[in-house]
Amino acid sequence: MMETELEIALRVNGKDVTGEAEPRMTLADFLRDRLRLTGTHLGCEHGVCGACTVLMDGKSIRSCLVFAVQAQGSELETVEGMAPSEDELHPIQQAFSNEHGLQCGFCTPGFLMTVSEFLDECPDPTEEEIRKRLSGNLCRCTGYQNIVAAVRSAADRMKAGSPRGDHD
Amino acid sequence: MKPAPFEYFSPRTVDEAISLLQQHGDESKLLAGGQSLVPLLALRLAGPSALIDLGRVDELRYLREGETVAIGSMTTHRQIEKDPYLLGRCPMISEAMSLVGHVAIRNRGTVGGSCAHADPAAEWPALAVALDGEFEVKGPAGVRTVPANEFFFSYFTTILEPEEVLTEIRLKLPPPSAGTAFMELARRHGDFGLAAVAAVITRRNGGIEDVRLGVAGVAAVPLRPSEAESILRGSELSDQTLDAAAEAVDAAIQPTGDIHGSEDFRRNAAKVLTKRALRRAFERAGGSA
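Protein chains in written order, with the working numbering: chain A, 1 to 168; chain B, 1 to 289.
Read the hints as simulated data drawn from the structure, not as lab findings. Possibly wrong hints are sitting among the right ones.
For lysine-lysine, the following BS3-like pairs were computed, each having C-alpha atoms within a straight-line distance of at most 27 Å [said to hold, decoys possible]:
| # | chain 1 | residue 1 | chain 2 | residue 2 |
| --- | --- | --- | --- | --- |
| 1 | A | Lys159 | B | Lys29 |
| 2 | A | Lys59 | B | Lys82 |
| 3 | A | Lys159 | A | Lys132 |
| 4 | B | Lys82 | A | Lys132 |
| 5 | B | Lys2 | B | Lys29 |
When you get a sec, could you build the whole thing from the sequences and use the hints?
Next comes the structure, spelled out in structure tokens:
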């Protein structure tokens with residue numbers, strides 16, 4: 001038996017959007033199912049793997065642990081909003097591409113959102129700081145080496161103020 | 001898996017929340033940061049028919065500086081971790097916060113939620129007992145204050161009545177010259193701790209003037225090992241006194257073995273962490289040499 005759906009209004013990647021959800025629908029499911037923003041992925045659905053990580057009001061959250069109704073009136077950033085245009089990747093995305101920081105790509109959106117908050121707070125991290133900060137995002141493919149390299153590369157790129165969309 | 005259906009309420013005040021708890025009784029549950037509760041709902045280990053979200057009760061988010069710091073129960077771990085006053089005044093609090101899961105967890109998880117959830121391995125309960133914590137609780141009958149050593153009753157069980165809301169946590173900060181340290185053993189950064197120790201030391205004339213300890217993950221509730229504290233108070237810091245303190249902690253704890261660590265392993269971890277945390281706290285303490 002479906003509970004009454006509630007109407008939810010929020011901003012996603014700078015655009016006002018609305019949708020409907022039962023109270024028990026998680027924000028992750030709402031993004032994927034109602035807003036068709038399927039970049040945010042479902043891994044463990046209990047907060048451990050990080051694949052569902054998005055930014056809510058500027059802060060990284062597990063969207064599988066927040067109900068859509070709780071996001072009423074909030075400002076969300078998802079992976080779909082990272083690239084400045086169709087032709088250009090965000091420096092962090094470009095770095096992941098250059099450094100081969102992904103294989104199947106399932107964990108990648110979660111990593112990108114985590115890294116996005118991380119480099120904002122900590123623009124010049126050490127390798128140890130990188131590994132510690134990424135410990136909440138699990139990857140089954142890469143063994144993390146190239147992910148760490150990608151974060152280092154993105155940090156260097158963004159510090160130097162390089163034009164976006166560079167290819168090495 | 002997805003949570004089972006529930007009714008959702010978003011009160012704006014504590015009194016509204018209490019009223020909703022009264023209306024919906026046993027089948028209702030308060031939602032704080034959700035970082036412990038929502039996984040339980042997703043795995044269907046819990047199935048309240050009504051969820052009362054404290055997320056918009058703004059009166060529960062605050063931090064009042066002072067010799068006793070007062071923290072609103074909906075303050076997030078991340079807010080505490082980054083608070084400049086606490087960072088300066090009692091570094092072990094921020095140290096402990098940095099061990100709570102990961103940043104995304106700490107951005108939502110709350111002090112009150114952690115204490116009300118009362119996972120014996122959690123960081124907050126150990127901090128609360130080490131710092132003579134007091135919990136302010138509000139219910140239909142009014143407000144009451146419960147000391148930390150009475151608040152935690154058993155595994156995942158506190159003395160909170162079904163219609164009560166934890167509103168404030170108060171911690172007695174050690175003097176500015178004290179050294180503090182929080183150490184935890186976990187397999188990976190951010191995992192649940194197998195054992196954790198909070199240590200506070202004030203020094204005098206090269207020895208230990210005062211000491212406080214809080215231990216997590218080694219019993220049904222966080223422990224304040226007063227026997228170990230007595231051994232150290234007024235003594236030198238040496239291998240002997242540290243070993244004696246560690247033995248006293250060993251005698252006080254009843255860890256439960258599981259897939260992550262056997263009883264013996266947890267016991268040993270608690271002893272080693274006790275010694276290390278005490279050493280670190282001692283080194284960090286100022287005071288007459």
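Tested hints:
| no. | hint | verdict |
| --- | --- | --- |
| 1 | A:Lys159 / B:Lys29 | violated (46 Å) |
| 2 | A:Lys59 / B:Lys82 | holds (14 Å) |
| 3 | A:Lys159 / A:Lys132 | holds (21 Å) |
| 4 | B:Lys82 / A:Lys132 | holds (17 Å) |
| 5 | B:Lys2 / B:Lys29 | holds (17 Å) |
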